[in-house]
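Here the protein sequences line up with chains A and B, keeping their order. Using our numbering, read the first sequence as starting at 1 and increasing by one per residue. Using our numbering, read the second sequence as starting at 1 and increasing by one per residue.
Every clue listed holds true.
Any copy, or any two copies together, can satisfy a pair, since identical chains are not distinguished.
Subject to a maximum C-alpha distance of 25 Å in a straight line, what follows is the list of computed DMTMM-like cross-link-like pairs (lysine to aspartate or glutamate): (1) K33 x E54; (2) K111 x E84; (3) K33 x D182; (4) K131 x D180; (5) K42 x E187; (6) K3 x D122; (7) K177 x D146; (8) K137 x E109; (9) K33 x D178; (10) K33 x E187; (11) K40 x E190; (12) K171 x D146; (13) K206 x D29.
Think of the hints as simulated: they come from the structure by calculation, not from any bench.
Number of protein chains: 2
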Amino acid sequence: MSKVFVDVGISLDGFIAGPNGGANNPLGDEGIKIHSWMFKQKSFLSHLKLEGGETNNIDNDIIENTFNRIGANIMGKNMFIEGEANWPEESPFHCPVYVLTHQKRKPWERKGDTTFYFTDEDIHTVLKKAKTDAGNKDVRISGGVDVIQQYLNAGLVDEINLHISSIILGKGVRLFKDIDKDNFSLEIQEVINSQEVTHIFYKINKLEHL
Amino acid sequence: MSKVFVDVGISLDGFIAGPNGGANNPLGDEGIKIHSWMFKQKSFLSHLKLEGGETNNIDNDIIENTFNRIGANIMGKNMFIEGEANWPEESPFHCPVYVLTHQKRKPWERKGDTTFYFTDEDIHTVLKKAKTDAGNKDVRISGGVDVIQQYLNAGLVDEINLHISSIILGKGVRLFKDIDKDNFSLEIQEVINSQEVTHIFYKINKLEHL
Numbered sequence: 001m002s003k004v005f006v007d008v009g010i011s012l013d014g015f016i017a018g019p020n021g022g023a024n025n026p027l028g029d030e031g032i033k034i035h036s037w038m039f040k041q042k043s044f045l046s047h048l049k050l051e052g053g054e055t056n057n058i059d060n061d062i063i064e065n066t067f068n069r070i071g072a073n074i075m076g077k078n079m080f081i082e083g084e085a086n087w088p089e090e091s092p093f094h095c096p097v098y099v100l101t102h103q104k105r106k107p108w109e110r111k112g113d114t115t116f117y118f119t120d121e122d123i124h125t126v127l128k129k130a131k132t133d134a135g136n137k138d139v140r141i142s143g144g145v146d147v148i149q150q151y152l153n154a155g156l157v158d159e160i161n162l163h164i165s166s167i168i169l170g171k172g173v174r175l176f177k178d179i180d181k182d183n184f185s186l187e188i189q190e191v192i193n194s195q196e197v198t199h200i201f202y203k204i205n206k207l208e209h210l
Numbered sequence: 001m002s003k004v005f006v007d008v009g010i011s012l013d014g015f016i017a018g019p020n021g022g023a024n025n026p027l028g029d030e031g032i033k034i035h036s037w038m039f040k041q042k043s044f045l046s047h048l049k050l051e052g053g054e055t056n057n058i059d060n061d062i063i064e065n066t067f068n069r070i071g072a073n074i075m076g077k078n079m080f081i082e083g084e085a086n087w088p089e090e091s092p093f094h095c096p097v098y099v100l101t102h103q104k105r106k107p108w109e110r111k112g113d114t115t116f117y118f119t120d121e122d123i124h125t126v127l128k129k130a131k132t133d134a135g136n137k138d139v140r141i142s143g144g145v146d147v148i149q150q151y152l153n154a155g156l157v158d159e160i161n162l163h164i165s166s167i168i169l170g171k172g173v174r175l176f177k178d179i180d181k182d183n184f185s186l187e188i189q190e191v192i193n194s195q196e197v198t199h200i201f202y203k204i205n206k207l208e209h210l
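Model the full structure from these sequences, guided by the hints.
If you want it as structure tokens, here you go:
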């Protein structure tokens with residue numbers, strides 16, 4: 001059965017991006033440090049049509065497995081704006097991407113089977129469409145943090161995978177700022193560590209009062 | 001050689017205690033949830049002279065190993081006030097404890113070889129005394145968060161051990177709020193996971209510009 005999952009890199013102090021992010025400052029000030037373990041893996045770079053990168057390590061495998069399970073993405077407007085200015089012509093998704101925005105815009109098809117759909121429908125409806133598109137694959141709630149929070153708070157996420165880097169960022173965009181924490185509990189499924197990052201895979205259990 | 005270390009349980013969103021902590025509300029609102037994995041281990045309960053608890057699991061071993069390595073503690077006034085009202089007559093330290101406070105008070109000896117020393121000397125001087133007391137054992141910077149931050153920011157800590165519980169607390173006392181993050185880097189030494197908590201042991205490397 002198709003899963004809905006969140007998969008994000010965070011700093012040890014809980015930020016998924018630095019402050020002042022935008023089209024000209026993707027990931028915000030110093031935000032790239034959070035993801036430095038990822039940016040040097042071949043599995044990540046190849047999706048951005050960049051050469052090189054490391055292979056034969058667990059970080060590379062984790063990224064590859066994550067890409068392979070995704071059948072559709074849902075993201076917020078700010079994440080899209082940041083990406084639109086920085087992704088290569090062949091966007092790194094290779095499947096449908098739903099962008100939650102009030103802006104009216106026709107679907108935007110990119111090389112490599114990525115199509116962006118712009119929608120202001122409610123998050124349940126959008127998820128239903130994404131699940132249909134994904135088929136046997138999974139739906140990733142890509143970000144940013146507002147969209148992740150909306151889906152978590154609505155009880156619509158099955159798994160959250162955190163990649164905790166050994167970095168203290170000090171300020172930025174906090175992942176767990178506005179979570180309805182009493183709606184669910186987290187259950188550790190797997191922990192994988194490597195040199196620079198600790199990967200923790202959580203299953204999300206809805207609490208019984210819901 | 002004797003080490004200086006921090007060893008704290010934190011929630012997944014980075015809190016070491018809930019809000020509104022004090023003598024009548026140790027660990028703050030809901031703060032006990034962060035440490036629920038610890039409060040059910042025999043190695044922890046026995047230090048508080050309480051019966052029962054689980055054995056034969058990695059969490060229990062980690063707590064026991066931590067207690068055994070400590071030759072002296074340094075803590076802040078608020079942590080002491082909270083503990084003074086709640087520790088058993090035989091305080092759970094069994095070694096010298098330096099309390100950083102401007103309050104003048106004679107050393108307070110407790111059953112079981114714990115002596116509390118109250119001092120307003122600078123943190124370097126206090127650490128020197130604690131190291132002498134600890135001998136071949138290690139010095140724990142026990143908390144609260146202000147004292148941990150002071151010692152981290154001064155570059156005086158060798159290791160930080162985080163026990164990351166699978167709990168989102170929402171609000172409380174944040175561990176990494178006022179860290180001079182550019183003074184040091186963190187290097188993963190070991191990661192141990194169990195059912196409810198992920199233990200990450202970091203070595204602290206001072207950065208070269210210091």
